[in-house]
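**Q** This is what each chain is made of:
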Amino acid sequence: MLTKVHTGLEPVPGVWWKPAHKAEKIWVAVAFVWCMILFAMMPLWHWKGGQNPSGVRRRVDPKAFYARTVAFANQYKVGEDKGLPIVAPPAGADVYVTALTFQWYPILKLERGKEYTLHLSSLDVNHGFSLFPINVNFQVVPGYDYGLRVTPTATGDFRILCNEFCGIGHHTMVGRVIVVDEAGRTVSDNAAAAVGQGGQP
Amino acid sequence: MTTMAAPAPATLPTTGEYKTGIWSWLTTVDHKRIGILYLVTALFFFVWGGLEAAIIRAQLAGPNMGLVTAQQYNQLFTMHGTTMVFLVIMPLSSAFFNFLIPLQIGARDVAFPRLNAFSYWVFLAGGIVVTLPILFGMAPDGGWFGYAPLTTKAYSSGYNIDYWVLGLQILGVASLAAAFNFITTIINMRAPGMVLMRMPVFTWMSFVVQFLVILAFPVITAALVFLLFDRFFGTNFYTVAAGADPLLWQHLFWVFGHPEVYILILPAFGLVSEVLPTFSRKPLFGYPVIVYSGILIGALGFGVWAHHMFSVGMGPIADSVFSVTTMLIAIPTGVKILNWVSTMWGGQIRFTTSMMFAIALVAMFTVGGISGIMHSSAPADLQQTDSYFVVAHFHYVLVGGAVLGIMAGVYYYFPKLTGRMLDETLGKWHFWTFVIGTNLTFFPMHMSGLYGMPRRIYTYDAGQGWEMYNLLSSIGVIFQAIGMTIFFVNFIRSWKKGAIAGNNPWGAPTLEWAIPSPVPDYNFAHIPVVTSRYPLWDQKAGDLVKSEAETTTGGRLKTAAELGIPMPFPTILPLVAAVFMTAMLCGLLFIHAGNLPLALGIMITCGLGLAFTLIKWLTSPLE
Chain A
7 MLTKVHTGLE PVPGVWWKPA HKAEKIWVAV AFVWCMILFA MMPLWHWKGG
57 QNPSGVRRRV DPKAFYARTV AFANQYKVGE DKGLPIVAPP AGADVYVTAL
107 TFQWYPILKL ERGKEYTLHL SSLDVNHGFS LFPINVNFQV VPGYDYGLRV
157 TPTATGDFRI LCNEFCGIGH HTMVGRVIVV DEAGRTVSDN AAAAVGQGGQ
207 P
Chain B
-19 MTTMAAPAPA TLPTTGEYKT GIWSWLTTVD HKRIGILYLV TALFFFVWGG
31 LEAAIIRAQL AGPNMGLVTA QQYNQLFTMH GTTMVFLVIM PLSSAFFNFL
81 IPLQIGARDV AFPRLNAFSY WVFLAGGIVV TLPILFGMAP DGGWFGYAPL
131 TTKAYSSGYN IDYWVLGLQI LGVASLAAAF NFITTIINMR APGMVLMRMP
181 VFTWMSFVVQ FLVILAFPVI TAALVFLLFD RFFGTNFYTV AAGADPLLWQ
231 HLFWVFGHPE VYILILPAFG LVSEVLPTFS RKPLFGYPVI VYSGILIGAL
281 GFGVWAHHMF SVGMGPIADS VFSVTTMLIA IPTGVKILNW VSTMWGGQIR
331 FTTSMMFAIA LVAMFTVGGI SGIMHSSAPA DLQQTDSYFV VAHFHYVLVG
381 GAVLGIMAGV YYYFPKLTGR MLDETLGKWH FWTFVIGTNL TFFPMHMSGL
431 YGMPRRIYTY DAGQGWEMYN LLSSIGVIFQ AIGMTIFFVN FIRSWKKGAI
481 AGNNPWGAPT LEWAIPSPVP DYNFAHIPVV TSRYPLWDQK AGDLVKSEAE
531 TTTGGRLKTA AELGIPMPFP TILPLVAAVF MTAMLCGLLF IHAGNLPLAL
581 GIMITCGLGL AFTLIKWLTS PLE
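Those protein sequences? They're chains A and B, same order as listed.
Counting the first sequence from 1 gives a position; the numbering used here is that position plus 6.
For the record, in the second sequence the residue sitting at position 355 is 335 according to the numbering used here, with numbers rising by one throughout.
Simulated from the structure, these hints should not be mistaken for laboratory data.
Keep in mind that the hints are not guaranteed to be accurate.
[To be verified] Straight-line alpha carbon distances no greater than 25 Å define the calculated SDA-like cross-link-like pairs of lysine to any residue that follow:
1. Lys24/A with Gly295/B
2. Lys133/B with Gly223/B
3. Lys28/A with Lys596/B
4. Lys31/A with Arg261/B
5. Lys596/B with Gly223/B
6. Lys133/B with Lys54/A
7. Lys(-1)/B with Met324/B
8. Lys(-1)/B with Ile472/B
9. Lys24/A with Thr398/B
10. Lys24/A with Arg261/B
11. Lys24/A with Ile571/B
12. Lys54/A with Gly295/B
13. Lys31/A with Gly283/B
[Claimed, not checked] Here are the in silico distance ranges between beta carbons for each label pair:
14. Lys69/A with Leu228/B: 15 to 23 Å
15. Trp51/A with Leu578/B: 38 to 46 Å
16. Leu112/B with Val36/A: 42 to 50 Å
17. Ile507/B with Trp51/A: 54 to 62 Å
18. Asp100/A with Val269/B: 51 to 59 Å
19. Trp51/A with Phe213/B: 21 to 29 Å
20. Lys526/B with Pro25/A: 43 to 51 Å
21. Phe331/B with Phe45/A: 56 to 64 Å
22. Pro359/B with Ala73/A: 47 to 55 Å
Glycine included, each C-beta is placed from N, C-alpha and C at the ideal position.
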């Protein structure tokens, strides 16, 4: 009863397939080699290129972290904008930012070319740290202190957008990072400056 | 059997005992009618979710618009996502599972016809629980992936999330029951000779999807049970201040959420794998490879979930591992794309509407697939995650992939469903407006995402370079709406007045085309013996179906009784059981309201009602 599985079309006479053409073999080989190179580049970028931000996460009590942020803000406070302190920590300092519905606390004033250790955490729900317009994204979750070494390379007045949905005021949750040069100046057109200099935080 | 389309008869074939009326639909256990119920319900929700999307796009058309409030906006995008995933694409696939699997494997019904009815009624009840609150301004508003702790009671104290948790739990019951049913059907009820490697690819992909459902849904169920206990009974699974891990929900959700993506897309892959060979007049290129790659996609789908979480800082090792698995999963997917292209290569292609949608899937899904590979690289993903770029990516996958594939399936199987053809001219209009609209809506989202626009923002300020792209996206929605309107006009008109189709209007090769359209309630007057992967192309007609003299009498088809085929009795019990189960779970809402006695009263009454219904169900004969 079982008949051969075939196509319903006129059978193709003889051996219908041909051995792979030389060009095809070269193409497959090139593709394979390229895959391997890309694969090797992943760890290479990470260890040599500084591409993958290697944050360190530690467990932290959300309320304790917020208290530390407030203490930090009071210590280095240099000004105020709409009720939020503007904080200018010295180079190499531990810098604390807490995300809470619906603000980034406090406003940072950093100096170009200096290294800081940035600590990010949240007081309540998940938030997203997105530095506009450079599109660097980190999720900021309560209970984890996301530690990150940053060296600002472009001056300007940058915005931190929240890009993890956090409720009714999600779209209004915008923070500020001011990066000044050695003389304490910011460039007025920060967006163009950042993109022009290939800026990285 | 001839490879040419059979000439259409003048009237629809019928057994003369096809009952209509609302009671026959409420009590039906016929897999074909349940399939139609799924199809119609899902299309209704499609309009519902589409209108939500239209309002979202109207709100985002320009900067600082105030068409809806932020509160309403949050409900709209949450419900758009939830509706489209759980109430549109999954049940549209279910419609095809129900209708097609028994026909494609040569069976008379699914393994458990009454459980099948139960699945549908539970799905409908769950859908109502999730969608109805938006009419009262109380719809879920935590995003379709409802990240805890935002969705815990401390931060979302209203009823909104309660409906979401309960509705999703109820929908999960429907999906799980259906999955066990279809697995049993495919394993046990294939016609003689229908070995696994002769099964049509749609049935194969459905088979894979059912396993994904039974492995992935328990995970979301566990996550939702934790959330439900947190919200109703004051537990602390997601309370960070009490020591909960804030990433627990994210891991659980995405262990479910990523296989869910394949649950949504694989049935569409199966449908185009039916459509492309028929309209290319060629067998599917590399059938075994298509099947194996489908299985591989399903298996690998469980190992990629954390690529949704690169930005939470899992460290370079975890990031690299999930990058690699994500890149790996692109290989079987790419294999499928190339197989479909090779199927068309050198074939005699007929550009029917169905074929055009299938070709569009191959093209549009490739766009979505390539942006998916971009996300697999963790450094690149850090720039794209939670931006509109991701929104563009998954809409290309789900609209350009799943919806276009399902549309190909609707145009292809409508004749089998109703006995009539969908109008091809209207179909072409539908195709072009919808596909142009899809690209116009979703392509600019790549750009607005790369310019930094985050997801889920209610509105935005001018001057960030986002205005033009958002306006283009909103204009695209108009084209999509026109396209879908044309489709619904065509659908309703053709159901009543379309040209009579005949058994096999497309000259298709698989078993379901050997029997009359619409299909009589017993499907096969005679169970066919299958000796080929493409029985209608390779086997003689007499091997598959009995002669006309044996199956018809007096100008109509014989009834099941005349043929001596036992049929399951219609029964209302699955509907009653579904209502009791849903009401029992909804009793929890009164705990939130602070009325414990009423909550317990409802839950105990409905629980007893459910128990008695199940006893009655299990003790009443099937046929």
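**Q** Does each hint fit the structure? Answer for all of them.
**A** We went through each hint and held it up to the structure:
For the hint linking Lys24/A to Gly295/B, the alpha-carbon distance of about 48 Å lies beyond 25 Å, and the restraint is violated. For the given pair, Lys133/B sits about 16 Å from Gly223/B by alpha-carbon distance, which is consistent with the 25 Å threshold. Between the alpha carbons of Lys28/A and Lys596/B the distance comes to roughly 70 Å, so the proposed pair goes past 25 Å and is violated. Between Lys31/A and Arg261/B, the direct Cα distance comes to roughly 30 Å. Violation of the 25 Å bound is thereby established for this hinted pair.
A hinted pair counts as satisfied when its Cα atoms are at most 25 Å apart, and Lys596/B with Gly223/B does not qualify at roughly 47 Å. About 45 Å separates the Cα atoms of Lys133/B and Lys54/A, which puts this hinted pair outside 25 Å; it is violated. Distance check on the hinted pair: Lys(-1)/B and Met324/B sit about 42 Å apart at the alpha-carbon level, beyond 25 Å; violated. With a C-alpha separation of about 20 Å, the suggested pairing of Lys(-1)/B with Ile472/B holds against the 25 Å cut-off.
About 46 Å separates the Cα atoms of Lys24/A and Thr398/B, which puts this hinted pair outside 25 Å; it is violated. The suggested pairing of Lys24/A with Arg261/B holds, with an alpha-carbon distance near 23 Å, which does not exceed 25 Å. Proximity of Lys24/A to Ile571/B is assessed by CA-CA distance (about 71 Å); at most 25 Å being required, the pair is judged violated. This hinted pair checks out: Lys54/A and Gly295/B have alpha carbons roughly 16 Å apart, not beyond 25 Å.
As the CA atoms of Lys31/A and Gly283/B are separated by approximately 31 Å, the hinted pair breaks the 25 Å bound. Under the hint 15 to 23 Å, the C-beta atoms of Lys69/A and Leu228/B, about 20 Å apart, fit the expected range. Range check, Trp51/A to Leu578/B: Cβ separation about 60 Å, and the 38 to 46 Å hint is violated. For the hinted restraint 42 to 50 Å between Leu112/B and Val36/A, the CB-CB distance of approximately 57 Å leaves it violated.
The hint said 54 to 62 Å for the Cβ distance between Ile507/B and Trp51/A, and at roughly 60 Å that hint holds. Our hint of 51 to 59 Å for Asp100/A and Val269/B holds, since their Cβ atoms are close to 55 Å apart. Checking the proposed 21 to 29 Å range against Trp51/A and Phe213/B shows it is violated: the Cβ atoms sit about 47 Å from each other. Hint check: Lys526/B to Pro25/A, Cβ distance near 48 Å, so the stated range 43 to 51 Å holds.
A hinted range of 56 to 64 Å is violated for the C-beta pair Phe331/B and Phe45/A, which are about 41 Å apart. Roughly 34 Å separates the CB atoms of Pro359/B and Ala73/A, a value that falls outside the hinted 47 to 55 Å.
The structure fails to meet hints 1, 3, 4, 5, 6, 7, 9, 11, 13, 15, 16, 19, 21, 22 from the earlier list, while all remaining hints are met.
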